[in-house]
Amino acid sequence: MSDLFDYTVRLGDDALIAAQRTAEWIAAAPQLEEDVALGNIGLDQLGQARSLLQYAGSLDGRTEDDLAYFREEREFRNLQLCELPNGDFAHAMARLLYFATYQHLLYEELRTCADETLAGVAGKAVKEVAYHVDHATQWVLRLGDGTEESHRRMQAALEALWPYTGEMFESDELIGRLAVAVDPAPLRAEWERRVLAVIDESTCSRPEASYQHTGGRSGRHTEHLGYLLAELQHVARSHPGATW
Amino acid sequence: MSDLFDYTVRLGDDALIAAQRTAEWIAAAPQLEEDVALGNIGLDQLGQARSLLQYAGSLDGRTEDDLAYFREEREFRNLQLCELPNGDFAHAMARLLYFATYQHLLYEELRTCADETLAGVAGKAVKEVAYHVDHATQWVLRLGDGTEESHRRMQAALEALWPYTGEMFESDELIGRLAVAVDPAPLRAEWERRVLAVIDESTCSRPEASYQHTGGRSGRHTEHLGYLLAELQHVARSHPGATW
Amino acid sequence: MLTRMDSFQATIDADGRIEPRDAMPEGYRKTLIRQIAQHAHSEIIGMQPEGNWISRAPSLRRKAILMAKVQDEAGHGLYLYAAAETLGVDRAELLDLLHAGRQKYSSIFNYPTLTWADIGAIGWLVDGAAIVNQVPLCRCSYGPYARAMVRVCKEESFHQRQGFEILHTLCNGTPGQKAMAQDALDRWWWPSLMMFGPPDAASTHSEQSMAWGIKRHSNDELRQRFVDMTVPQADILGLRVPDDGLVYDDATGHYTFTEPDYAELYEVVKGNGPCNEKRLAHRVKAHEDGAWVREAAAAYAAKRQEAVA
Amino acid sequence: MLTRMDSFQATIDADGRIEPRDAMPEGYRKTLIRQIAQHAHSEIIGMQPEGNWISRAPSLRRKAILMAKVQDEAGHGLYLYAAAETLGVDRAELLDLLHAGRQKYSSIFNYPTLTWADIGAIGWLVDGAAIVNQVPLCRCSYGPYARAMVRVCKEESFHQRQGFEILHTLCNGTPGQKAMAQDALDRWWWPSLMMFGPPDAASTHSEQSMAWGIKRHSNDELRQRFVDMTVPQADILGLRVPDDGLVYDDATGHYTFTEPDYAELYEVVKGNGPCNEKRLAHRVKAHEDGAWVREAAAAYAAKRQEAVA
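Residue numbers (UniProt numbering), protein chains in the order written: chain F, 1 to 244; chain A, 1 to 244; chain W, 1 to 309; chain V, 1 to 309.
Any given hint might turn out to be false.
[Claimed, not checked] Just some of the chain V residues that point at chain A, by a computed CB distance under 10 Å: (1) I54; (2) R62; (3) V70; (4) Q71; (5) Y81; (6) N172; (7) K278; (8) H282; (9) A286; (10) E295; (11) A298; (12) A299; (13) Q305; (14) A309.
[Unchecked claim] Simulated pairs of lysine to aspartate or glutamate, EDC-like, Cα-Cα distance not exceeding 20 Å: (15) V/K278 <-> F/E128; (16) V/K278 <-> F/E208; (17) V/K278 <-> F/D88; (18) V/K285 <-> F/D200; (19) V/K303 <-> A/D145; (20) W/K303 <-> F/D88; (21) V/K278 <-> F/E159; (22) W/K303 <-> F/E223; (23) V/K278 <-> F/E223; (24) W/K285 <-> F/D88.
Just so you know, the hints here were simulated from the structure itself, not pulled from any lab data.
Remember, it's a predicted structure, so these values are computed and weren't measured experimentally.
Idealized CB from N, CA, C, for every residue including glycine.
With the rest of the complex left out, here is chain F (with noise of 0.2 Å):
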């Protein structure tokens, strides 16, 4: 498999399990606005899955279902944190600020990039996170600058993810080897001015963390992705070779 396969599937991935997990808050969520916004992002990230893991299937003869209901855990390439369990709105606003504020810096440089295919998806997935940021900003001020509970929580939920951001930013071999991917090191002091900025006005402190999480990129996850993956995949698997 090439190296364009590898980094696709990546991309793909986060978005794949990103949307999982989004898709979850459906008819859980605080309010009915907020159904039909987590439903909006939720589409979004699995639109974006979508088309990464089509181009990156079409690169070596299988399909996005393939790649993404016949791949074990070991194969999977996301961020940890995509895959952590959802816990509390403001673990799903933490969440969404992080991640979202990382893609949208990936993928603005992404659609500037030399494969036509993954500049498309870029550029039409950079509109949709920006809308993404922007919710998750909302949230994590309303829920940093309102009740004592809300503030407590918020704070919570920022500490408890910030020790998996770290892998968002890991550059490796195979992004030194690839001319169209991007190295996501050198994004990381905007992305910490963003994130910060969001938290510093939302009254929270800014999280520490004395340990980074890491694997996702090389398929080692935590314990959670193999129960969404048992979730996601046992219809599929137990009907092999059908068609939907």
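Starting from the known structure of chain F, arrange chains A, W and V on it as the hints suggest.
Here is chains A, W and V on its own, set in the frame of chain F:
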């Protein structure tokens, strides 16, 4: 498939799905002794499931694993009571009291049935479930007559699961046709006598229900079973034909 | 001189639209609130049985379609609560009534979704029945409700086609898939027929609603329309409608069919269906889990307001 | 006349057993409490990574074996807490220290179990290493601990064989299964080597523990013993140990191997491993969720007591 197969699968599925839920308590019980006790109970249930599914499988050339891992949700014949999510420890003990008391009465009759294998399984199992009844009884008494909170939780659990007990005593055409089958309908009076005696002693009040759930014996389950099976079956289905 | 109530009756008689600021009889207002609220509640409770399969949808394309559909239902809930609010109640009140079990939602959502094929069956049958019920509501005498229904119906006919398409794919798939489709039809057929409510002879609210131009057709008329529309579609799918009494009557051009077991309907309406407890408990839990979020949003908004003032 | 402490030293020197009512230096008592508690904590935290696969075990036979194994670990926890209690502490205190992060458990359990093969690898490598560590403890100078270890070791050697057997089946299975087994060995090899603690040169508690007959062999000795035992088993499985420096030395009869990255060990011990937070949070949640149950049991017991009195 024969009536004997269908009947044996009912009992086997009850035990299998109960074991799956009981096992979820391991490493999550209120105290270490209870991790051990629930481990024992889950192992007993799983052992019964294996004996019964092995026997059912032997009737039509399948293995216990074929039956456990490669049937669809609609082919499972367990009581809905067994598949409900665990809830709190009071729910676990209410379910065990209801289910094990039923199993005890059933196995007691089954051990004198004309089918040697079923009689043998029942003869071994009846001793195991007598212990389960005893364990559940002790806890229902402790929780019912413990603290205010435990009383409230025990009462809530007894009531929440009561609407799932009617299904245990349903007779149907299969039971009518199959000579070795134990008709559960006549067991109801003694079951109620035993269970209500425990509830009375626990200082809880007797639960009532205007509705009794049904459908498990014809494969109409709650929406919970599908998720349980996705988890149970995912690895096996991911490696069709493999030996473990 | 015409009183304001005369003007109401004149509008109704002329098949015109009553708007929020128009005078209306209290019974008209109450009937509408009850009906629109029940309709809104049905949309949001209806998210659950379908939402149950989003995480397990067997292809990414189907997953996306299903997510969009469930999200549309949340949107329908929003329009409908907004329509109800034009009658002087607010959404929070209506939700409290739902959560307390004092307002109903469509009983169809008290049945479980047990396989992927159920997602097809719900789209085809349940949305199909909803459309038959709702298309006449696009001409309802109350303007805001009628306009909400126009939008809802347009999306629902889209959902209905998607449901049919799911089943069509299954019916042309493996034997296991085809069996799954038949099983879904077997389970959803009778509950779908009951979506039109009790038979006319036993229907309580109908007459006055007809007079007010809220309701345009009787339950039995709509049920017949649904059967006539659906049976030929089942034939296209190659599925058998689970009714031995089903016969096409050349003379009338309609299907004769067996009446569903209304005793079951009454039980489910009373709360005694397979999923009544689960649906309401899920809804209440989401609401309670979200209370701190709504409070925070309100507190934040109040602080901004203060800052501006 | 001999003092009671002289008698302690005499018993140690004669390789005899110290029993709970015997005199012992405070340092001896504290060291033992710390070690036994850490060992007990390791048993109960160790239930989690394996418990993670009970619901997904790919055959019913393996599911039963795994359930029994995890249940044995709970049992080991019980014996070990009981052994610690003979030294004048109680289980509740020790659990509080664990939950507060003030007592440790084996760092090996801070790695995730990612595939079914990890259950084989844990049985084979982790229980294998535990046995190498623990067999000498069956001759530990403190009687209750030594006796608990006899029982624990017997069960663990059983677990170790089961783990090997899981991998043996995978290695003789499909290519996918074999790859899963190799992957598990690749991930668990280095953490297993670290189970013997820091290299002797950096080991802090060892010398005094040796003098007291608590410890019988150095970390590096035990590590070597483990490597010598395990590498031939890997050969039988047809798996490659992920160490390019691994060579059999004919002269010494031992394998030469690359030292693990102890910096990682120190990080994980400090709390910075992939699952430290998850393991402790799960444990604390089970304890907190169970508080009302333990309170109820105590209240009930008190009521019975009163009734009898």
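Evaluation of the provided hints:
1. With 10 Å as the threshold, the beta carbon of V/I54 comes within range of chain A, its nearest partner Cβ sitting at about 5 Å, so the hint holds.
2. Against a cut-off of 10 Å between C-beta atoms, the interface hint on V/R62 holds, since the closest Cβ of chain A lies about 5 Å away.
3. Interface hint status for V/V70: upheld, as the beta-carbon distance to the closest one in chain A is roughly 5 Å, under 10 Å.
4. Given hint, V/Q71 at the interface with chain A, holds; its Cβ is 3 Å from that chain's nearest Cβ, closer than 10 Å.
5. For the restraint placing V/Y81 at the interface with chain A, the shortest Cβ-Cβ distance is roughly 7 Å, inside the 10 Å limit, so the hint holds.
6. Look at V/N172: its Cβ gets to within about 8 Å of chain A, closer than 10 Å, so that hint holds up.
7. The beta carbon of V/K278 comes no nearer than 12 Å to any beta carbon in chain A, farther than 10 Å, and the hint placing it at the interface is violated.
8. Against a cut-off of 10 Å between C-beta atoms, the interface hint on V/H282 holds, since the closest Cβ of chain A lies about 7 Å away.
9. Look at V/A286: its Cβ gets to within about 5 Å of chain A, closer than 10 Å, so that hint holds up.
10. At its closest, the beta carbon of V/E295 sits 6 Å from a beta carbon of chain A; the interface hint therefore holds under the 10 Å criterion.
11. Given hint, V/A298 at the interface with chain A, holds; its Cβ is 8 Å from that chain's nearest Cβ, closer than 10 Å.
12. Look at V/A299: its Cβ gets to within about 5 Å of chain A, closer than 10 Å, so that hint holds up.
13. For V/Q305, the interface hint is violated, the least distance from its beta-carbon to any beta-carbon of chain A being 13 Å, above 10 Å.
14. At its closest, the beta carbon of V/A309 sits 17 Å from a beta carbon of chain A; the interface hint therefore is violated under the 10 Å criterion.
15. Restraint check: the Cα-Cα separation between V/K278 and F/E128 comes to about 33 Å, which exceeds 20 Å; the hinted pair is violated.
16. Of the supplied pair hints, the one linking V/K278 and F/E208 holds, its CA atoms being roughly 18 Å apart against a limit of 20 Å.
17. Using a Cα cut-off of 20 Å, the hinted pair V/K278 and F/D88 holds, with the two alpha carbons roughly 17 Å apart.
18. At most 20 Å may separate the alpha-carbon atoms for a hinted pair to count; V/K285 and F/D200 exceed this at roughly 31 Å.
19. Taking the CA atoms of V/K303 and A/D145, the gap is about 9 Å. The hint holds against a cut of 20 Å.
20. A threshold of 20 Å between alpha carbons decides the hint, and for W/K303 with F/D88 the separation of about 24 Å lies outside it, so the pair is violated.
21. Restraint check for V/K278 and F/E159: the C-alpha separation of about 15 Å stays at or below 20 Å, so the hint holds.
22. Our distance criterion of 20 Å between C-alpha atoms is broken by W/K303 and F/E223, whose separation comes to about 41 Å.
23. At roughly 10 Å between alpha-carbon atoms, V/K278 and F/E223 fall within 20 Å of each other, so this suggested pair holds.
24. Simply put, W/K285 and F/D88 have alpha-carbon atoms about 12 Å apart, close enough for the 20 Å limit, and the pair holds.
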